[in-house]
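*Asks:* The chain contents come next:
2 protein chains.
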Amino acid sequence: MLNNDFYSSENHGAFEVFDLGDFQLERGGSLPDCKLAYSTHGKLNEAKDNAILFPIMFSGTSGSLAHYVGEGNALDPSRYFIVFPNQLGNGLSSSPHNTPAPHGMSAFPALDIADDVRAQHRLMTEHFGVSELQLVLGWSMGAQQTYEWAARYPAMVRRAAPIAGTARCTPHDALYVDTFCEALKSDPAWNGGEYTGANDVQTGLRRLARVFALMGTCTEFYKQEAWRRIDIQSFDDLMAGFWEKWFLPMDPNALLCMADKWKNGDVGALAGGDLKQALSRITAKTCVIAFSEDMFVPLKDCRDEQEMIPGSQLEVLDSLWGHFTTLGLFEEDFKRINEILANLLAN
Amino acid sequence: MLNNDFYSSENHGAFEVFDLGDFQLERGGSLPDCKLAYSTHGKLNEAKDNAILFPIMFSGTSGSLAHYVGEGNALDPSRYFIVFPNQLGNGLSSSPHNTPAPHGMSAFPALDIADDVRAQHRLMTEHFGVSELQLVLGWSMGAQQTYEWAARYPAMVRRAAPIAGTARCTPHDALYVDTFCEALKSDPAWNGGEYTGANDVQTGLRRLARVFALMGTCTEFYKQEAWRRIDIQSFDDLMAGFWEKWFLPMDPNALLCMADKWKNGDVGALAGGDLKQALSRITAKTCVIAFSEDMFVPLKDCRDEQEMIPGSQLEVLDSLWGHFTTLGLFEEDFKRINEILANLLAN
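Chains as they are written, first to last, in the numbering used here: chain V, 261 to 607; chain R, 261 to 607.
You may find that some hints are simply not true.
[Said to hold, decoys possible] Listed next, the in silico DSSO-like pairs over lysine-lysine satisfying Cα-Cα at most 27 Å (straight line):
1) R/K545 to R/K303
2) V/K445 to R/K295
3) R/K523 to V/K483
4) R/K445 to R/K505
5) V/K308 to V/K536
6) R/K536 to V/K483
7) V/K560 to R/K560
8) V/K445 to R/K595
9) V/K523 to R/K308
10) R/K483 to R/K595
11) V/K595 to V/K545
12) R/K308 to R/K545
13) R/K505 to R/K595
14) V/K523 to V/K445
15) V/K483 to R/K560
16) R/K483 to V/K536
17) V/K505 to R/K595
18) R/K523 to V/K505
19) V/K560 to R/K483
20) R/K523 to V/K445
21) R/K483 to V/K523
22) R/K505 to R/K545
23) R/K295 to R/K523
24) V/K545 to V/K505
25) R/K445 to V/K523
Please keep in mind that the hints were generated in silico from the structure rather than gathered at the bench.
Based on the sequences and whatever the hints tell you, model everything.
*Replies:* In structure tokens:
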């Protein structure tokens with residue numbers, strides 16, 4: 261175990277913890293005393309039929325996209341009970357750095373997207389007594405979880421909004437994951453996952469951040485210096501004050517744990533490897549949101565999967581933020597995504 | 261100096277060497293006893309008006325694209341005198357590993373695209389007595405040199421064909437260069453450029469190769485397993501037998517020297533920083549060739565610059581090979597590029 265002050269409510273907002281006990285894992289084995297951290301907004305109504313689940317992206321936590329929740333927004337806490345589950349292994353839930361030996365650090369078990377979704381299912385059913393979700397939505401790895409939810413528990417998911425993510429990780433996307441993992445692990449301080457200080461692997465984290473900078477937005481984002489619109493003054497400030505600032509406080513093993521889930525994401529496993537068959541099980545009213553400038557979850561990949569989902573629709577945003585459009589750092593992006601979600605919830 | 265058997269005529273075809281003497285450099289200083297390696301095909305005619313110059317890409321040598329030369333091809337050696345100049349610093353010309361102290365290895369001076377072009381200009385004028393080039397063409401960094409040629413020596417260049425390269429390196433492209441350089445330098449064996457064996461930095465070169473794998477083609481190349489068309493049997497074979505095989509024998513400092521030129525490429529320097537002004541000087545009949553799936557020299561960047569060149573045209577290829585379409589590994593790509601060059605030479 262390792263002390264890492266970054267993973268606190270001061271940095272990520274208030275959160276609670278659901279105890280999963282000895283949690284059986286998809287790839288075999290179990291994680292003893294497994295804990296799922298989550299945050300909630302609004303109140304569950306008496307009928308328990310106003311819940312929305314918002315699984316989170318790679319490197320994100322329950323606080324990362326909470327700005328989508330607000331009175332008058334699609335995710336209106338005066339109307340809905342909105343739950344942000346943290347990924348297992350993301351630093352707030354049971355994770356390499358906070359799990360005691362013999363399961364911590366480099367010995368933390370490999371997880372799958374399906375582990376997250378099964379854990380979240382237990383939270384929603386056992387803890388909250390919810391049997392129907394008005395909406396499951398998520399971005400990137402959150403979209404992977406959204407697809408898994410809609411295909412694994414079709415009767416429970418009324419609506420689904422996977423944003424810039426895939427039901428099955430593509431070979432190129434897996435190569436992208438390998439590239440940023442290799443960048444992180446290239447730092448000798450990583451030491452096979454057995455570093456001794458929370459901030460030992462800064463060089464590796466900086467390298468990882470640069471790979472995200474390379475693929476996270478798009479070429480025109482840089483050419484047009486679109487970062488000036490969020491009050492960043494120079495390219496170097498963008499690198500240090502945005503990309504590196506995001507990743508440097510994080511736990512390397514947590515990132516590698518999530519990356520491994522990302523790379524191996526495949527909803528097709530629910531149907532013996534047949535992705536089309538697995539996605540055809542979805543009964544949720546599904547709106548896939550994709551970004552035309554996304555470099556590692558390209559529009560085409562999103563469209564290919566959307567077309568496998570009965571009665572689904574596709575919405576495309578053209579922001580220069582590329583994959584990172586979901587952050588909503590351009591007001592028009594936030595408004596458009598909020599509008600799409602509002603339309604989905606209105607039907 | 262370092263012995264590196266890779267940089268031999270056995271591996272790169274026969275080449276000759278032009279002695280530049282004490283060669284003054286764009287960024288200041290000079291490189292004593294500077295040598296420019298080159299290969300030729302066909303014969304210079306008596307009028308000395310049948311020369312074609314084909315500067316070479318990053319990590320390439322005079323042998324890399326020689327398959328474009330052939331009887332009946334656009335680059336027909338029975339008609340044209342075709343010269344492939346090696347880049348300075350590419351391993352065959354004066355380079356970090358073959359330059360004696362105090363200018364070798366990590367002390368090798370920083371070069372610019374303009375240094376290459378001025379060196380090539382001396383080769384063509386002083387050595388061959390050529391005052392007119394029927395065509396200058398090149399891919400990627402070869403395109404950078406092509407733009408520099410056409411704008412620096414407009415009266416000498418009758419036709420120009422920059423292929424998937426820019427006159428001014430874009431910020432995103434520079435970030436790409438930084439990313440693969442950092443991947444290479446992340447190997448402790450690189451040792452600030454002062455490694456002692458030619459094969460010491462294999463881990464770094466492998467990491468660099470993976471960054472090229474990530475951006476070199478396109479996402480659909482991997483999804484459709486387009487590599488099967490060139491008799492590669494698996495993703496792992498593609499990584500090891502194509503990308504790594506290409507880069508592993510190379511000299512790390514040579515790659516870093518070329519990368520630095522790439523990143524700083526800017527034809528606008530000819531007009532006090534005004535790229536449009538510099539490109540407007542071009543009188544060559546110019547055909548810009550771009551690849552719709554190119555991830556780091558996007559079609560849009562090529563079109564933006566093409567539109568600054570008077571009377572120029574743009575040809576676009578849609579191959580899944582993305583940036584690497586120029587290799588011509590798919591027969592239709594080779595045929596199409598050959599056809600475009602033939603049309604250009606016919607007018």
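*Asks:* Each of the hints needs a verdict: does it hold here or not?
*Replies:* Outcome of the hint check:
A threshold of 27 Å between alpha carbons decides the hint, and for R/K545 with R/K303 the separation of about 24 Å falls inside it, so the pair holds. Only pairs whose Cα atoms come within 27 Å are accepted, and V/K445 paired with R/K295 is rejected, the gap being roughly 40 Å. Between the alpha carbons of R/K523 and V/K483 the distance comes to roughly 14 Å, so the proposed pair stays at or under 27 Å and holds. Our distance criterion of 27 Å between C-alpha atoms is met by R/K445 and R/K505, whose separation comes to about 19 Å.
As the CA atoms of V/K308 and V/K536 are separated by approximately 32 Å, the hinted pair breaks the 27 Å bound. Pair hint R/K536 plus V/K483 holds up; C-alpha atoms about 16 Å apart against a cutoff of 27 Å. The straight-line distance between the Cα atoms of V/K560 and R/K560 is roughly 19 Å, inside the 27 Å bound, and the hint therefore holds. Taking the CA atoms of V/K445 and R/K595, the gap is near 43 Å; set against the 27 Å cutoff, the hint is violated.
The straight-line distance between the Cα atoms of V/K523 and R/K308 is roughly 58 Å, outside the 27 Å bound, and the hint therefore fails. Proposed proximity of R/K483 and R/K595 is supported: the alpha carbons are some 25 Å apart, at most 27 Å. Using a Cα cut-off of 27 Å, the hinted pair V/K595 and V/K545 holds, with the two alpha carbons roughly 21 Å apart. Under the criterion of a C-alpha separation no larger than 27 Å, the hint pairing R/K308 with R/K545 is consistent with the structure, at around 20 Å.
The straight-line distance between the Cα atoms of R/K505 and R/K595 is roughly 26 Å, inside the 27 Å bound, and the hint therefore holds. Note on V/K523 and V/K445: the hinted pairing holds, with a Cα-Cα distance of about 16 Å set against a maximum of 27 Å. Between V/K483 and R/K560, the direct Cα distance comes to roughly 11 Å. Compliance with the 27 Å bound is thereby established for this hinted pair. A C-alpha spacing of about 16 Å is found between R/K483 and V/K536, which places the hinted pair at or below 27 Å, so the restraint holds.
Taken as a hint, the V/K505 and R/K595 pair is broken in the structure, with Cα atoms around 48 Å apart against an allowance of 27 Å. Proposed proximity of R/K523 and V/K505 is supported: the alpha carbons are some 25 Å apart, at most 27 Å. Our distance criterion of 27 Å between C-alpha atoms is met by V/K560 and R/K483, whose separation comes to about 11 Å. Distance restraint check for R/K523 and V/K445: the Cα-Cα separation of roughly 26 Å lies within the 27 Å cut-off, and the hinted pair is therefore satisfied.
Restraint check: the Cα-Cα separation between R/K483 and V/K523 comes to about 14 Å, which is no more than 27 Å; the hinted pair holds. A C-alpha spacing of about 37 Å is found between R/K505 and R/K545, which places the hinted pair above 27 Å, so the restraint is violated. Of the supplied pair hints, the one linking R/K295 and R/K523 holds, its CA atoms being roughly 23 Å apart against a limit of 27 Å. For a cut-off of 27 Å, the pair hint linking V/K545 to V/K505 is broken: about 37 Å separates their Cα positions.
Taken as a hint, the R/K445 and V/K523 pair is honoured in the structure, with Cα atoms around 26 Å apart against an allowance of 27 Å.
Comparing the model with each earlier hint shows violations of hints 2, 5, 8, 9, 17, 22 and 24; every other hint is respected.
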